[in-house]
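Given chain P, put chain Z in place with the hints provided.
Residue numbers (the working numbering), protein chains in the order written: chain P, 48 to 599; chain Z, 48 to 599.
Be aware that a few hints might be false.
You can't tell identical chains apart in this list, so a pair holds if it fits in one copy or across any two.
Stated by the list, open to error - Think about it this way: if two alpha-carbon atoms lie no more than 27 Å apart in a straight line, the pair counts; the simulated DSSO-like pairs of lysine-lysine are: (1) 333 to 276; (2) 332 to 276; (3) 478 to 511; (4) 478 to 509; (5) 509 to 182; (6) 385 to 511; (7) 535 to 385; (8) 182 to 276; (9) 332 to 478; (10) 333 to 182; (11) 182 to 535; (12) 182 to 385; (13) 182 to 332; (14) 511 to 535; (15) 385 to 276; (16) 332 to 511; (17) 535 to 509.
Read the hints as simulated data drawn from the structure, not as lab findings.
2 protein chains.
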Amino acid sequence: MLNGAHALVQTLIDSGVDTVFSNPGTSEMHFVAALDSAPQMRAVLTLFEGVASGAADGYARMTDRPAATLLHLGPGLGNALANLHNARKAGVPIVNIVGDHATTHAPYDAQLQSDIETVARNVSSWVRTSQATDKVSDDTAEAVAVARGMPRQISTLILPADVSWGHVGAAAAPPLPVPVAQPPEHATVAQIAAILSAHTNTAFLLGGRALLEPGLLAAAQIAQSCGAKLLAEVFPTRIQRGAGLPEVERLAYFAEFASTQLAGIDNLILVGARAPVSFFAYPGKKSDLVPEGCQVHTLAGPSHDPVQCLSELAEHLAATGIVPNLAPAHRPARPRGKLTADTICQAVGAVLPNNAIISDEAQTSGVMLPAMTAGAPRHDVLTLTGGAIGQGLPVAIGAAVACPDRPVLALQADGSAMYTIQSLWTMAREKLDVTVVLVNNQSYSILNVELQRVGAGAGGPKAKALLDLTHPNLDFVHLGRGMGVPSKRVDTAEELCTALEEAFTRPGPHLIEAVIPPAFSGLKLKALPYAMSALNKMPAPLAKAVKRRLAP
Amino acid sequence: MLNGAHALVQTLIDSGVDTVFSNPGTSEMHFVAALDSAPQMRAVLTLFEGVASGAADGYARMTDRPAATLLHLGPGLGNALANLHNARKAGVPIVNIVGDHATTHAPYDAQLQSDIETVARNVSSWVRTSQATDKVSDDTAEAVAVARGMPRQISTLILPADVSWGHVGAAAAPPLPVPVAQPPEHATVAQIAAILSAHTNTAFLLGGRALLEPGLLAAAQIAQSCGAKLLAEVFPTRIQRGAGLPEVERLAYFAEFASTQLAGIDNLILVGARAPVSFFAYPGKKSDLVPEGCQVHTLAGPSHDPVQCLSELAEHLAATGIVPNLAPAHRPARPRGKLTADTICQAVGAVLPNNAIISDEAQTSGVMLPAMTAGAPRHDVLTLTGGAIGQGLPVAIGAAVACPDRPVLALQADGSAMYTIQSLWTMAREKLDVTVVLVNNQSYSILNVELQRVGAGAGGPKAKALLDLTHPNLDFVHLGRGMGVPSKRVDTAEELCTALEEAFTRPGPHLIEAVIPPAFSGLKLKALPYAMSALNKMPAPLAKAVKRRLAP
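If we strip away everything but chain P, and leave its shape as in the complex, we get:
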C-alpha cells in the first residue's frame, strides 16, 4: 500500500531529484522507510543538519540540480539554517523536506512543536505545509519546479507525519515544467554594446553561472574586443579557472582593496552579479563600492541566463571570432621548509591534480590560493557565498557526491571547520574522495584584524581570549580519526606536498593537518596592503612582487 512518503519520494525522482542528505527523526520515519522501495534515490546520512544543508549546496553547485534535505521539525531546520543561508546567497536550488508533527497533534503544542514555516521563509522562496496525502505529490512537483527555475531557489516542503503515513491511491503526479530563463533584453544589450564601443573605462562584474567556462569565454571575447576589464564577484558560487581558461580577477574581501580594483571605472556591467558592496560596514567607510560617477548596467539579472546574454552581446560586437587570452599552464615550484599560509597555497598549486574541485574555506590562510593556482590544471573553486562559516566541509561532501570521478580538495580553516566538524564522518561513511587540508592557525585569525578595522582597538586580554583557539589546542588528527578519516599532521612544506599527492591517489577521504602561525595575530593594520593585495590576484605591481618572493 502506497503512502504519502512513497508519493513524495517517487515525485522527487520523477522530477530529477535523486539524492537526499538526511538527518531524520521520528516524524520522518515513513520517508526513511520509503527509501527501500526507491532504488534510484541515494540517501546520505549526516550527523548534523548543517552538514546536510551544506552538502545539498555543494551538490547543487556542481550539478545545477537540487538535492533534497531531510530535516527533523523546527530544530532540525534551525540547525540547517546557516548553510541554507549560504546556499540562498549562492543562488543554488535545494528542496528541503521538513518533517512535522501530525496535523492532529499540532494543537497540543508538544515538546518539539514550533513555528516551522516562519523559520523556513528566512531562507526559502517557496514554503508549503502539505495539508493532505493526496496533495503531497503535486506539492513536491511544485517544490522542485520552483527550485529549478530561474533564478534557482530554495523550496521548503513541510510534511506532517500523518500526511506522510496516509494512504494514496493514485500514482505520483508528473513533474512540472521547469521555468525557463528570461530572454536577453535586446535594448539593454544594444545600449551596453554602444558603451563598450565608445571605449570608456568599462568593467564587467561576473557572478553566478557567468563564471563557468562558456560565460568566461564569451566575456573574455567581449573584454578583448573593446578593452574592458573582467572582475568576478568576491565570493563566487563556483568559478572555473586554471590553465586554458580565461583569468578573471576576483573582487577583494576588504572594501579598501575592492575600491582600488574598481577605481576609475565609468561603466560597470553586471552579469549574474549584484552591484558591489562592502562585506561588513566600518565606521566612516562607505558600504556601496561603486565609484562616484560610475554608471551601473545590468546585462543579466537573476532571471536571465548570463551565458545567453553574454553571447548575444558578443555577437552584437562581432567578437565571437576572437580567440581570448587563456591562462598558461604554470605551476609554482614545490615549496620547501616551513609551513605557512603561503607555502600551503603554493603546495596546492604545485600538486593540484587535473579536474579538481576546491572547496575554499581557508579564510585568511587562503590569501595566496588564487595566485598559486592560476596556472594549475583546470579546476573549480567553491567559496563562502553567504559568510556563514562552517560551509567548506559540507560543500566538499556535496561536490564529491555529485562528481564521484573528480578529486575534491577542502582547504579548510580551523575555526570554521569546528562549526560542522561532523562532516568528516559522512566523508568516511560514503568513502568520498575528499582531501581535507586543515589549516590550523589556532585562532579566529580574521577577527584579530577585524577588531582593529572596526575601530575597537587591539583588544585587551579578555577580547583576545575570545579570538584565540589555544588552551587547549585543537588536534584535528585526533578529530579525524575519531570519525574514521585517515589523518596525519605534516610539519614541513615538503611533507605537505607528499601527503597531498598520496591523498589524491588513494581512494576515500584523507585529512592533513597543517599547523601554522596565525596570519594576522598582532599584525599592524598598515601592513595589510601587502597581505591583501594578493588576496584576489590583483594585477598590481604588488601582486607581482608577492609572486616573485614565492617563486623558486
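Same frame as chain P, now just chain Z:
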C-alpha cells in the same frame, strides 16, 4: 569614550547578568572589546552557537538567572536555535545579544544580511532591534526584565554594529524591576482543596520549579494528607531528587506507558506543568493523554510561583505539619562484568557523589537512571525539555559554570552528542568539573523502535543505514583528546566505576567512553513493556522485578 557596547555590557551587569556565552564575529567586535573594561562579566568562548545557547540554558536552570549569549547575525542565531527551542520549552530566562550589520549597511543586502527578527521570534517572547546608541541601555534593561519575569522568557536584543560603536554620554540606565509572580488564586485553591478532601482518585502533575525541594516537600505533604498521587512532567527542566527528598514518579516518554500511569485518575491538578500529551503522534493513537472523564485543574500556571500555590493549598488542607515520606539512602551494588545500558546506570547510582548535577541526554541508554539513583545522595537532574537533541553537553557546561563547587555528570548518548560535540573544547578551556559518560551504542537507537511504532515496519537496508552509526564507528576517546579533554574507554562495569570515581575527584573535565549494544536494535515491539516500565521508576510490580534483577 563610552560606546553602545559599553552601555550594553554595563546594563547587563547592573541587571544581574554577569556571564555571556559567546561566539562572536566582526559585527560583535565592540562588544568583545568592551569586555576588558567590565571585570564583573565572565565571557565563555564556544566554538559553535548551539553550544552557547545550550550553555545559557543550563546556567539558567541552575541559577534561575539569565546568562547572555553573543551571536553573529542571522546564521549565528540559526545555529543557536535548536537549543534556544529547548530553553523556551524549559521555561528558563536567556538574553540573546545578536550582532547585526550597521543600520546604514542593511539596505545593501550584503552577504550576511538576513531577516534576524523573524527567526528570533521563533524562540523569543521579546525581540527588539536597538535603533540608536542612546537607547541601547534602556533596551538592554527591558530585555533582562522581561527574561527574568514570570514566566521566565527568552529575550533577543539585536544590536546593529553602528549602534554598538556609536558614542554615548550618559551612564547606563538603572535596571528595571523584575515582574513578580501572580498571587495564588484563592478560589481555585479552595476548589482544589475540596476535591482533595473528597478523596477522589487525584494526581498532581508537577513541572518547572515545583520540582525543586520546596515544591516537592509541599506537594508531598499535600499528597500524604489526602492520598493523592504525585507525578512529574516527562522532561523536567530541573528536578531535585535522591535520598532525603520526596520521590516523584516521572511520566513516561512513550504514550502507552504514560497512559498506564494516568489510568483511573479522576482529577489531575497541574502545578507548573501542562496537561500531558504524547511526545509524537502515532497512527491510531490519541495525542491527549488525559484519561476520558478526568477533570483537569490548574493550581499554578506559567505566571504563578508554584511553591506559593502549593504552600497555600497545604495550609488550606492543614497539611503543613505533616512529615512527608522521603527517599531512603540506598545505592545499588557496584556493577560487575559486561557494560550495558543498565550497568552504566547502576554504576552511576553506585558512585554518584553528593550534590551532583546530572545532565541526562542518555536517551534509550538512560532508561534505568531514575531507578538506579532514587536513593543516591541528593542531586539535580536536567533533561531534554524540547526534544531537540544536542542539548546535554552544552547544558552541562552551563551548569558547571553556574555551580563551580558541584560535580557535573553528563550522561550522554552518541548520536545526540555529535550535534554539539564542540562542547568538549569549552569544557577544557574553562577547566569545568564535568564528567562526560559517552554511551556509545553505535546507533540512533530510539529511531529503531520509533520506526516500528509509527507503523513504518522494521525497515529495509537503506532505512536501517540511516539509523546506524557504524561504518565507521565513532571513537569518542579520539574526539575528546582532539579537544583537550582527558579521555578513556572502559570495557567493563568495574572499570567504569573506577573511572567515574577518578573523574569525580580530579579537577577539570573527563570523558569516559562506554561502548554497549544498541538498546532497541532488532527489539520486538512486544518486548517494550519490560524495558519501558522501568523508564520512570513506575511503582508497578514490573519495576520491582527490574530492580530485583539488578540488585547484587
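Using 27 Å as the alpha-carbon threshold, which applies to residue 182 and residue 332: within, between, both, or neither? This pair counts as between: shortest inter-copy Cα distance 24 Å, intra-copy 52 Å.
Are the CA atoms of residue 535 and residue 385 at most 27 Å apart within a copy, between copies, both, or neither? within (17 Å within a copy, 34 Å between copies)
Classify it for me, residue 509 with residue 182: is the Cα-Cα distance of at most 27 Å met within a copy, between copies, both or neither? So residue 509 and residue 182 pass the 27 Å test across copies only (26 Å; inside, 56 Å).
Reference check for the pair residue 535 and residue 509, CA-CA at most 27 Å: within, between, both, or neither? neither (33 Å within a copy, 32 Å between copies)
Is it within, between, both, or neither for residue 478 and residue 511, if the alpha carbons may be no more than 27 Å apart? between (39 Å within a copy, 18 Å between copies)
Evaluate residue 511 and residue 535 at a C-alpha cut-off of 27 Å and name the case that applies: within, between, both or neither. neither (29 Å within a copy, 32 Å between copies)
Which holds for residue 385 with residue 276 at a C-alpha limit of 27 Å: within a copy, between copies, both or neither? Classified as neither; 37 Å inside a copy, 71 Å across copies.
For residue 333 and residue 276, with the copy left unspecified, which applies at a CA distance of at most 27 Å: within, between, both, or neither? For residue 333 and residue 276, the Cα distance is within 27 Å only inside one copy (23 Å; across copies 67 Å).
Within a copy, between copies, both or neither: where do residue 332 and residue 511 come within 27 Å Cα-Cα? Within one copy only: 25 Å inside, 55 Å across.
Pop the pair residue 332 and residue 478 into one bin, within, between, both or neither, using alpha-carbon distances up to 27 Å. The answer is neither: 47 Å in one copy and 41 Å across copies each exceed 27 Å.
Is it within, between, both, or neither for residue 182 and residue 535, if the alpha carbons may be no more than 27 Å apart? The answer is neither: 51 Å in one copy and 52 Å across copies each exceed 27 Å.
Within, between, both or neither: residue 385, residue 511 at alpha-carbon 27 Å: Only inside one copy: residue 385 and residue 511 sit 26 Å apart there, 47 Å across copies, limit 27 Å.
Checked against the numbered hints listed earlier, the structure breaks hints 8, 9, 11, 12, 14, 15, 17; every other hint is satisfied.
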